[in-house]
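Undergrad: Same order as they appear, the protein sequences are chains S and R.
Quick note: the first sequence uses the working numbering, first residue 809, plus one each step.
Quick note: the second sequence uses the working numbering, first residue 809, plus one each step.
No lab work stands behind these hints, which were simulated from the structure alone.
One should not assume that every hint holds.
[Unchecked claim] Capping the alpha-carbon separation at 30 Å, the derived lysine-lysine pairs in BS3-like fashion look like this: (1) S:LYS956 x S:LYS972; (2) R:LYS886 x S:LYS916; (3) S:LYS886 x R:LYS897; (4) S:LYS916 x R:LYS932; (5) S:LYS897 x R:LYS886; (6) R:LYS912 x R:LYS897.
The structure displayed is predicted, hence computed values, not measured ones.
There are 2 protein chains.
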Amino acid sequence: MSATEGKLDVSRFMAGPRPEGTSDYLMQQTMIRVKDPEKSLEFYCDVLGFKLIMFREFPQWEFNVYFIAPVDSASTPKTAEDQWDYCMKLPGCIEVTWNYGSEKEEGKVYNTGNGDSTGTSDGKQIKGGFGHLGITVPDVYEACERFKEKDVEFTKTPNSGGMKGLAFVKDPDGYLIEILPQGPMIVKDIDCNGVRADGGEGYKDNSK
Amino acid sequence: MSATEGKLDVSRFMAGPRPEGTSDYLMQQTMIRVKDPEKSLEFYCDVLGFKLIMFREFPQWEFNVYFIAPVDSASTPKTAEDQWDYCMKLPGCIEVTWNYGSEKEEGKVYNTGNGDSTGTSDGKQIKGGFGHLGITVPDVYEACERFKEKDVEFTKTPNSGGMKGLAFVKDPDGYLIEILPQGPMIVKDIDCNGVRADGGEGYKDNSK
């Protein structure tokens, strides 16, 4: 590996079979804690097209979890037991965790990664490893028009910033959500904020 | 919503169609920054059965990204362009981001969420929102025997802690990975660390 040049030979990680015993392993979930689960479910379901697949309540430990995924609800089984089995085989779920009482706290509650300062003792930005969740859509510009109508907070509209054709929005807790196309990167002349394809600023590192 | 009781009526988020315009939206990625991409690729590919789907190098911005998912490499197209299109329609990828030079820093580099203190100015634990990634497997106990042979660091073997039958391991940066079954929770008498099903400690909140 040559760090100076930013090069790494990764060919062996692309080719060949998966190691013995791992062929059925599945990337099922990303868990995030949220301040107010109702606000989060509204955002992910009403704005981003997710459905609630199943949930579990743990009053003895004072938290609930809600598993959501952007899938058709017609496929979701009816019983809690069948929902669990279905969910555990569904790649790309988000596990939304609610610790009781967080919804009554003032302001933001959880550090969302990147350069966020929420949840620190000294109020200073951290060097956060978690970056964002990424949703792909048939048309990034159309999706962003829709988000704008729904008053979603943008940190980057498609034509602002250095990478044209992708966007970043924030969920109710401030987690970053990247919006990407389901195919080649396409750049349109004007985006939902009226930014032209030759406009906007340069590349911005979200961790800073 | 009644926070005192930890109850929330979520039925409307389960039922009904997805909002107009969102039916093709897809949860494609979770982005995490890593200190050393070679170590991370070794862990995710050799231990967790992921394959590298595609990568992009941005020397002008001094970072690379590697998209990985636990899928058969035979399905991965041959050209970078086709790999992009394939990847953007694949739910449950991890986008591994490498900022050049991090691999030369001392110790851990990035805050991994939960109650981690890495990457803070004062060295104190944060209230982290990001919790973990979750991999589902046909048999949690067998998977953990395999992980133990590969010297994976556990924070919870299947029979330790309050929830029997699931495990937590750490990736090279310290991100938590939950290991769950692809079906009903099954508890076996003895786990990879020799902990009995009636042993272990009680429930532990990872955020503390």
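Undergrad: Hints first: check each against the structure and report whether it holds.
TA: Structure-based check of all given hints:
1. S:LYS956 x S:LYS972: Holds - the C-alpha atoms of S:LYS972 and S:LYS956 are around 18 Å apart, at most 30 Å.
2. R:LYS886 x S:LYS916: violated (45 Å)
3. S:LYS886 x R:LYS897: holds (27 Å)
4. S:LYS916 x R:LYS932: holds (19 Å)
5. S:LYS897 x R:LYS886: holds (27 Å)
6. R:LYS912 x R:LYS897: Measuring from Cα to Cα gives roughly 34 Å; hence the hint is violated.
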